[in-house]
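> Sequence:
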Amino acid sequence: MTGMNVKKNKTQRKPVHARKQKRAFAFLNCSGETYIDVAITVMIVAFVLVFAVNMVSIVALNQNMKTMADQIIDYATTNGTTDINDYVETLRTKSGIGFSCSFAGTDYHTGQEVQLGDIIECRLTYSVSILGFGEAVFPVTINASASGISQVYWK
1 MTGMNVKKNK TQRKPVHARK QKRAFAFLNC SGETYIDVAI TVMIVAFVLV
51 FAVNMVSIVA LNQNMKTMAD QIIDYATTNG TTDINDYVET LRTKSGIGFS
101 CSFAGTDYHT GQEVQLGDII ECRLTYSVSI LGFGEAVFPV TINASASGIS
151 QVYWK
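The numbering of the sequence shown is the numbering used here, which starts it at 1 and goes up by one.
Mixed in with the good hints there might be a few duds.
Said to hold, decoys possible - Computed spacing ranges between beta-carbons, pair by pair:
#1 Ile97 <-> Ala52: 19 to 25 Å
#2 Gly96 <-> Thr41: 47 to 53 Å
#3 Lys66 <-> Asp86: 19 to 25 Å
#4 Gly134 <-> Asp86: 41 to 47 Å
#5 Ile58 <-> Lys155: 24 to 30 Å
#6 Val42 <-> Leu131: 16 to 22 Å
#7 Thr41 <-> Gly134: 15 to 21 Å
What the hints contain is simulated information worked out from the structure, not anything from laboratory work.
Glycine included, every Cβ here is placed at the ideal spot set by N, Cα and C.
With the hints as constraints, model all of the structure from the sequences given.
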């Protein structure tokens, strides 16, 4: 009668493969809670991805606008005038961005001519909408500005 007085350990663990198998079937809950959790998680991940793609596209558009503002200022300072509508229209056509261009804050000599050493300021503005889920649209205005000094002497 050996072993009669020996107590068996009730907290003895099951083998590792049995525990892993039990965890694998934990997602197959019959109540449906897991399916709802997964569906909500997928929707949240999709929303975050849409938001991230929109933000990256707006940052890229902002960088393109800054580059175009610098190009416009380079052209205006080299010519000493703000009468560069043809060049601005060429940039609009090449980029596909319908921005508006203004030269507020610029000191004019005569007409649209800027005297040597005077500052030329250019401001580009473009309105774009961030798309969300469904019919949610969020309008955003992107501004880019640049300035330079006129390189032409007008008599």
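> Evaluate each hint against the coordinates.
To see whether the hints hold, each was checked on the structure:
{"no.": "1", "hint": "Ile97 <-> Ala52: 19 to 25 Å", "in the structure": "holds, 22 Å"}
{"no.": "2", "hint": "Gly96 <-> Thr41: 47 to 53 Å", "in the structure": "violated, 37 Å"}
{"no.": "3", "hint": "Lys66 <-> Asp86: 19 to 25 Å", "in the structure": "holds, 22 Å"}
{"no.": "4", "hint": "Gly134 <-> Asp86: 41 to 47 Å", "in the structure": "holds, 42 Å"}
{"no.": "5", "hint": "Ile58 <-> Lys155: 24 to 30 Å", "in the structure": "violated, 45 Å"}
{"no.": "6", "hint": "Val42 <-> Leu131: 16 to 22 Å", "in the structure": "holds, 19 Å"}
{"no.": "7", "hint": "Thr41 <-> Gly134: 15 to 21 Å", "in the structure": "holds, 20 Å"}
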